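> Chains A and B, in that order, are what the protein sequence lines are. Going by my numbering, the first sequence opens with residue 14, and the numbers climb by one from there. Going by my numbering, the second sequence opens with residue 19, and the numbers climb by one from there.
Simulated from the structure, these hints should not be mistaken for laboratory data. Since we're looking at a predicted model, the values are computed, not measured. There's no promise every hint is true.
[To be verified] Under the rule of at most 20 Å between Cα atoms (straight-line distance), these lysine-lysine pairs were calculated in the PhoX-like manner:
no., chain 1, residue 1, chain 2, residue 2
1, A, Lys339, A, Lys316
2, B, Lys169, A, Lys19
3, B, Lys129, B, Lys78
4, A, Lys282, B, Lys78
5, B, Lys78, A, Lys312
6, A, Lys391, A, Lys339
7, B, Lys185, B, Lys195
8, B, Lys169, A, Lys17
9, A, Lys19, B, Lys78
10, B, Lys78, A, Lys313
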Amino acid sequence: MENKIKFVQGNEACVEGALYAGLDFFAGYPITPSTEIAEILSARLPQKGGKFIQMEDEIASMCAIIGASLTGKKVLTATSGPGFSLMQESLGYAIMTEIPSIIVNVQRGGPSTGIPTHVSQGDVNQTRWGTHGDHAIITMTASNHPDIFLVTVDAFNIAETYRTPVVLLFDEVVGHMREKLIIPEPGKIPLVERLRTSVRDGTDYHPYLAREDGRLPMSDFGGVHRYNVTGLAHDMWGFPTDTPKVAHGLLRHLVDKIENNVNKIARYKEFYLEDADQILISYGASARSALHVVENLRKKNQKIGLLELQTLWPFPSAIVREKCLKAKYIVVVEMNMGQIRTSVQNAVEHPERVFLANRIDGVMINPTDIKNILRLIKGQGV
Amino acid sequence: MTRCRIVFSGSGGQGVITAAIILAEAAVLYDNLIAVQTQAYGAAARGGSTRSDVIIADTKINYPKVTQPNILVCLTQESYSKFYSIIRPGGLLITDSRYVQTQKRVDARQKEIPIYETVMEKIGKPIVFNICMLGTLLGITGLVTPFSIQKVLENRIPPEFLELNQKALKIGLAMGKKYSD
């Protein structure tokens, strides 16, 4: 029997999560610091009858997983910032055509080719608005290996539930760090399988006609039904249209199916928030340093807590607002110039109480960095 | 056990990161401890300066990097110059006597050990330098059990190289015991 207790990198925890969720198809182009995902899947995926393709670039990779998903497969690609930039156009296509797909971005220093082997969280807003046009998107992250496993399984489930691409946004530190991972027994975490149409061969199938619950049953492309898929605004047949009413309905549908379920999609963890008057908000590797600070200062009787976000988009504004109602200081801890800070400011009742503890030099933000900001805020000097 | 923070440093190709992974994996899989391992490296595959941090503890580890190591291992002059000053007062500094000329005295137990020379003399292959270093470290500190390291080696090392690595580990353990005072 295969050993279920492993000592692995975060990238491998993501692979294990994807395989657990039923991944069938991977297409990608290796790039630091995400390479291990492709490397490990190139061995593991064929063993379980799946397909692994190394593509010529990231544009082709994204297009390949869209096509594979349409035929009924669970799909994944993995990249880092430069590759994620190339995927933006077809990410928009996957949103418009409602193709379940998972895109992993293990962030490195940017912009451009940046610092390949060092850490950053600079792509948070790119996952939100990297592709053009009004749209909604789901982005999830995690700070440790058991959580990487769980959010990866979750991402596959959410992608099927809402017929949408989901971005898994990790960073170099959690991607390359090794720690313990226990793989749950098969069946322990429920999996969401593809909702397929019950319309039989010879009967009209409308690929873009939503059921009463808003979901659109799919038909494996190349199977019994012939239908059209296009990035153009389309009607219930999947054919291009510029009818204002249809265009309006489509856009509302694409955004509402996600934004109306923001609390269902929101994943977060809270630590010591009950009585906290200082709240740190963080995610990914930064949340590990933030939790370190919180546990140390709790020992010194400070009322400090951590809200660790695992769903970044759609931003869980109502949850953040409610958790921060009693906070005197809210410090967002992240490795960028304040990308989630802005969303927190927009969410809370007192935006003037929101501060930023960050680092943008390719070095992981450490507990001392955060403590210094806390002291500065309180006028204690550093 | 108390929390042990270790920094392994050297040059790409010496196996510094591999040694760190083997140690941390042994602690987690066979000694039932908690460990994290991280690394810092450049784009160069060989010759660049590398560093790997390992924390071994019996309680949860949040911040995974090491700022002040209890144990610092330096296998090149460059890594010694870069890192000797970060060692925790009273810590353990291990350097390889062929590659590192120690210059300044720090508040630490300093061990200049002929690891490389011993490997070349007794085995003749520099490829197991890192495992011999790991054995030496364990001989001095007893951080994890040699049995656990053996198990990891059996799982990770191709069969044709296993004996070589086991020999290097044994030589290192004996040498470490000699230097542990």
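> The structure should be examined with respect to each hint, and the outcome stated for every one.
Structure-based check of each hint:
1. For the given pair, Lys339 (chain A) sits about 11 Å from Lys316 (chain A) by alpha-carbon distance, which is consistent with the 20 Å threshold.
2. Of the supplied pair hints, the one linking Lys169 (chain B) and Lys19 (chain A) holds, its CA atoms being roughly 14 Å apart against a limit of 20 Å.
3. Distance restraint check for Lys129 (chain B) and Lys78 (chain B): the Cα-Cα separation of roughly 30 Å exceeds the 20 Å cut-off, and the hinted pair is therefore not satisfied.
4. For the hint pairing Lys282 (chain A) with Lys78 (chain B), the CA-to-CA distance comes to about 16 Å; that is within 20 Å, so the pair holds.
5. Annotation: proposed proximity of Lys78 (chain B) to Lys312 (chain A) holds, straight-line Cα distance about 15 Å (limit 20 Å).
6. Simply put, Lys391 (chain A) and Lys339 (chain A) have alpha-carbon atoms about 17 Å apart, close enough for the 20 Å limit, and the pair holds.
7. With a C-alpha separation of about 16 Å, the suggested pairing of Lys185 (chain B) with Lys195 (chain B) holds against the 20 Å cut-off.
8. Between Lys169 (chain B) and Lys17 (chain A) the alpha-carbon distance is near 16 Å, which keeps this suggested pair within the 20 Å criterion.
9. For the suggested pair Lys19 (chain A) and Lys78 (chain B), the alpha carbons sit about 17 Å apart, so the restraint of at most 20 Å is met.
10. Among the hinted pairs, Lys78 (chain B) with Lys313 (chain A) is consistent with the structure: their alpha-carbon atoms are about 19 Å apart, no more than 20 Å.
Figure legend: structure checked against the earlier numbered hints; the only hint not met is number 3.
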